[in-house]
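A.B. asks: Here is how the chains run, residue by residue.
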Amino acid sequence: MDDNGSAYWSATLGLLGKILAIWFIGSFGAGIMFADALNGIKLGGYPLGFWFAHQGSIYLFLALIFYYAKAMGDLDRKFDVHEE
Amino acid sequence: MDLQTMTYLVVGASFALYIGIAIWARAGSTSEFYAAGGSVHPITNGMATGADWMSAASFISMAGLISNMGYGGGLFLMGWTGGYVLLAMLLAPYLRKFGKFTVPQFIGDRFYSQTASTIAVICLLTASITYIIGQMTGVGVAFSRFLGVSNETGIYMGMGIVFAYAVFGGMKGITYTQVAQYIVLILAYTVPAVFISLQLTGNPIPQLGLGSNMVGTDVSLLMKLDQVVTDLGFGQYTTQLPGDKLNMFVYTMSLMIGTAGLPHVIMRFFTVAKVSDARASAGWALVFIALLYTTAPAVAAMAKMNLIRTVNPGMVMQNTDPFQPEAQIKIEERPDWMKRWEKTGLLKFTDKNGDGRIQYYNDKTKNEAVKAKIEAAGWKGNELDVNADIIVLANPEIALLPNWVIALVAAGGLAAALSTAAGLLMAISAAVSHDLVKGIFKPDISEQNELMVGKISMAVAIVIAGYLGLNPPGFAAGTVAIAFGIAASSLFPAIMMGIFSKKMNKEGAIAGMIAGLFVTLFYVFAHTGVFFIKGTEFYDLIGGKNSFFGIQPNAFGAIGALVNFGVAFIVDKMTKEPPEHIQAMVEAVRIPRGAKAVDGAH
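So the protein sequences, as listed, match chains Y and X.
The working numbering puts the first residue of the first sequence at 1, with every later residue one more than the last.
The working numbering puts the first residue of the second sequence at 85, with every later residue one more than the last.
So here's chain X without its partners, still in its complex pose (with noise of 0.2 Å):
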């Protein structure tokens, strides 16, 4: 059967199931729209929360990412699962106990202040809707490179499936189908993994094959990479760095506190039936979490490994000098996965030298050997480009893999970008429904109203999110990043101090929340430009690019939560203590006796 058509049965089939899921999961109350019904068994829910949580970055761009970054491509792995060993200690338990549906709602009881909450509520609604755009931007890229439509018609068919199972289940559909769509994006994952690990190594398991030998020789995997990266003028793969060391630190800080902070993981806990289920149901997602995340170092590793083997045949395995005039692969001889992935922009070459080879290397090398090397051999620029989302995308092709391994890729790479769209749609569907309508518009809405509006607000936010996927703003690639700071910066430390400071006021955490967002966004428009717009970046004003401890803007958010942190505190001290049945709120969050079932009362 050839590609297309097997790309066309296997994406369908996952789509069927979606579907069917949807049809049996409908939303007949607030309580199951919200939260599921609130009694999903911990293990069921960790598999939702980590598909929720995999989003297309974590599927299609990580390990591109860490095959380019190497080492320093730790702060991904790290920061991504790390957030999670905080979520289950600090936040997912109590805000269980308080047993409402949204985190807004808590932010407004717990600091008795409609202002917070409706601070809570913006900060939730920035963060999901940048965090959106890149998930819709995957599902066209997915759709138009393996089933052949364009971006458009793929995007608005994502928008279709997701509306069948969100707006019809809510939480309820949308927990179902991810648990489908986790068990399809880990094995579109970890199985071309497994043979391309058996291929390189010998070992099945990605995971063991990164720590073993290249077949067929004494030399490790990752010794041999790093000889044959250097070689050719890159960093040494297993400590080359992203800046320094304190931007490595503070960014992987940044992305465990947004990941901990963000509003559509939080509320997955809102769906399990006790305290003690919400602490599993955390290990338990990050068990599912870690199948991908251990598996992704491997899979960028060994395919920075297979595509230099490709482009210098022999210098690998043989020890071939890569500048002999003849060592690098001829541009006619090239194999057909190259000219598949031409077509869609994400690989370039250009002959430089016009010799009819591709030389691919670091010509920003500051190595003095190399240098020489490159200037013997004549060669006049690298000529290949290769974008990092095709490490993923490509990967089985690179291996020569059979055609139901890649139409498993693409099948997976959907399910990522859809199930983290859904569960995103959710936060902001809640948060417009419950938190903007019932807690301030309209309190005393009917249940089966408020069922509707949420339903509504649901179908408005997929249209929304599907225009943003269309016409993406310019700034599209940086919003991910965005979406962690404002989590890390505003939402991750007001919870916190909600539960674990039971003097917290509503001024201390109001501006404490402010004061971290404007620092935050402050130092990110800065390097962007002021709201994305170019032309409007003002990092002269403060010294330069990365003028604050060679910190990236990416990495800011954790600078932003120390702000917080520390102006609520004073703010705190000069400001009269929160009243007495706030205290005692705080006093009863932190004790599991007494859990009921989440509802939406105010």
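For reference, chain Y alone in the conformation it holds in the complex (with noise of 0.2 Å):
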């Protein structure tokens, strides 16, 4: 690989890594391993370790599939490696 291809690629996995951090951290932390501990707070009805296992962590999802779309055009696009 080049050199503009591998900085693409660590760019890449760096996104990467950030987005499924975020990820591990809404789903399996707030929504199962600390869930109990964020039950004391609550959201309207619902006790929040509950809610992130119900709801929040697809809301999070959601939005990390679409920031990640667009991030990943942008890197496209910094290292020219875009689809015409």
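Hints were generated in silico from the structure; no laboratory data involved.
Treat the hints with caution; some may be incorrect.
Dumping the calculated DSS-like pairs for lysine-lysine here, alpha-carbon to alpha-carbon at most 30 Å [unchecked claim]:
hint	chain 1	residue 1	chain 2	residue 2
1	X	K539	X	K587
2	X	K436	X	K457
3	X	K680	Y	K78
4	X	K618	X	K448
5	Y	K18	X	K414
6	X	K618	X	K432
7	Y	K42	X	K432
8	X	K618	Y	K18
9	X	K450	X	K436
10	X	K586	X	K539
11	Y	K42	X	K657
12	X	K329	Y	K70
13	X	K464	X	K427
14	X	K587	Y	K78
15	X	K618	X	K427
16	X	K587	Y	K18
17	X	K586	Y	K70
18	X	K618	X	K629
19	Y	K18	X	K586
20	X	K586	Y	K78
21	X	K455	X	K414
22	X	K629	X	K329
23	X	K329	X	K455
Some chain Y residues near chain X, calculated using beta-carbon distances under 10 Å [what the hints assert, rightly or not]:
hint	residue
24	L13
25	A35
26	Y46
27	Y68
Quick look at which bits of chain Y chain X covers, simulated, 3 or more residues with Cβ under 8 Å [stated by the list, open to error]:
hint	region
28	18–27
29	50–56
30	59–65
Built from N, CA and C at the ideal position, the CB exists for glycine as well.
Could you use the hints to bring the two separately framed chains together as a complex?
C.D. replies: Dropping the structure here:
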């Protein structure tokens, strides 16, 4: 791979790492591991940990995918590897 | 208009729509047959993916499961949506760039090995065929309950409809029918939920209603539900767990990885025009899926509340003590919907203590205070058995909604089952005609002949699926979980390593797939019997049920995936690097520029 190619790939992996970290914290963290602690906080009538497991994690996944699509598009253009 | 006529009308109209699309969208080339011509708009593909993905299990069973599991049911919600993040970032855009018709073709080309592609075909066929049994049974249930025809007639009608658009239209016919089916199923799911949320909380949006107060009180719905179910001896709704947290964690992870690795979902991303479209399309797919998946927990909790209100009138709104002699509903005064569902066998009661009333509670409770009350009331055991599937199917009746809503739910259940069945049939027929016939047995087949073989294998797959639906093997209930286990432990790791590890070679990938598949099936078979044959269970050999850190067999796919990754890396280190041109191919797959329309060249 040429230099530009490997720079593009490491930028991609960096982006994926960040997004996967948030993906993990929002679902496995807030929805499972820390759910009991978060349940002490209320979001309207929802205990917060329960809300993450039944609602919040899904909204978070949505935001993450659209952010990813946009950020990757920017990376593609920055490294000049985008589709014509 | 009576319910029966209304149901025939609504279901008939939806079927006419699907047939109309079938006539309009016929496939004339292999590109149209396998990839819908390769120029589907990302939003259209997202909607089709939503219908493709949301099966009879999502539509009919999931809310009922959550209703019984409470908080722990979140593993289905997170597991079946979180996988789209993995799919969007780790697989879909790269497989789209690779630009071939099927998943096994990627595995075969990337690992320069017919053995690898054959293993992928076997995994794909096993996962898809087991999955399809569940769809066919779902079609049968929906027909027999709502249209008053026998299970068999229902399955034949379902086969006929799928035949019309899948055989002649291939992926093109399936894509546009799935769009129509998505609209039918999402209306069918959300309309009753809106009504019910409005009735219980005054808020028409179910996602907000679930976090609101009960109508006319200042107690939140979830708090009330927690109190009511614990009074009856069930686990507290907002905290109860399936086993322990570790099991829930691993189960969620298995469903996520399995979701990302299911070939019939991955295939949908070969129909969009560009790599960037594949990324966006995964987001749109999740938008359409989330509409149902964020409504489901509201349906689950509200249906539970309504069921308890039906059996114990006064318990929810007037705080009547459910253990008083007169507090439960009299058998002869039970509502009509209960009578209708008794006929299907999905709802049963027996008056164990002979008092002419229905007692619904957890007779295995460990709560001493509740036990004492049960004892004092002289109850002789729980008298009501409610199959989880009823929660969605009978929901509009439980909430006393108008007939057209009930008819809509029937059409929605059928749309969910048929759309997923069609997607699975597409994956099966593509694997047979493209990977086996063209890839292995007859590489010089002409395009017209390959198209013909594709249509024939589609037709044969429909007949097999119908046969399995009519004669469901005894293990049918557990099979959907197997599909996820196989996808998670074999296909997902192989595809991911094919993209993210340039040096992964064929020996590593093959050993990894076999090892992952083997440990997963070994653990599952230990609990269910070898190939699900009763009497051949061997969990004693591995130290008892769920002996691996308390993890259920259905949750084992993630462990299988770990084994797959581990074995693949060890074997890879001991064998020689993949050839130069394969490493160059991986580099090309990683970069969007140069993406072209998918084709079938080997």
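A.B. asks: If a hint holds in the structure, say so; if it does not, say that too.
C.D. replies: Verification of the supplied hints:
1. K539/X - K587/X: This hinted pair is violated, its Cα atoms lying about 38 Å apart.
2. K436/X - K457/X: holds (17 Å)
3. K680/X - K78/Y: Measuring from Cα to Cα gives roughly 21 Å; hence the hint holds.
4. K618/X - K448/X: With a Cα-Cα distance of about 27 Å, the restraint between K618/X and K448/X holds, given a limit of 30 Å.
5. K18/Y - K414/X: violated (58 Å)
6. K618/X - K432/X: holds (26 Å)
7. K42/Y - K432/X: violated (38 Å)
8. K618/X - K18/Y: Violated, at about 47 Å.
9. K450/X - K436/X: holds (21 Å)
10. K586/X - K539/X: violated (36 Å)
11. K42/Y - K657/X: With Cα atoms ~51 Å apart, K42/Y and K657/X exceed 30 Å; violated.
12. K329/X - K70/Y: violated (35 Å)
13. K464/X - K427/X: holds (25 Å)
14. K587/X - K78/Y: Given that 30 Å is the threshold and the Cα spacing comes to 27 Å, the pair holds.
15. K618/X - K427/X: holds (29 Å)
16. K587/X - K18/Y: Satisfied, since the Cα-Cα distance of roughly 24 Å is no more than 30 Å.
17. K586/X - K70/Y: Roughly 26 Å between the alpha carbons, so the hint for K586/X and K70/Y holds.
18. K618/X - K629/X: With a Cα-Cα distance of about 15 Å, the restraint between K618/X and K629/X holds, given a limit of 30 Å.
19. K18/Y - K586/X: holds (22 Å)
20. K586/X - K78/Y: holds (23 Å)
21. K455/X - K414/X: holds (23 Å)
22. K629/X - K329/X: holds (17 Å)
23. K329/X - K455/X: Holds. K329/X to K455/X sits at ~27 Å (cutoff 30 Å).
24. L13: For L13/Y, the interface hint holds, since the closest Cβ of chain X sits about 8 Å away, which is under 10 Å.
25. A35: For A35/Y, the interface hint holds, since the closest Cβ of chain X sits about 7 Å away, which is under 10 Å.
26. Y46: holds (4 Å)
27. Y68: holds (6 Å)
28. 18–27: holds (count 4)
29. 50–56: Check passed, 5 qualifying residues.
30. 59–65: Check passed, 5 qualifying residues.
The structure does not agree with the numbered hints 1, 5, 7, 8, 10, 11, 12 stated previously, though it agrees with the rest.
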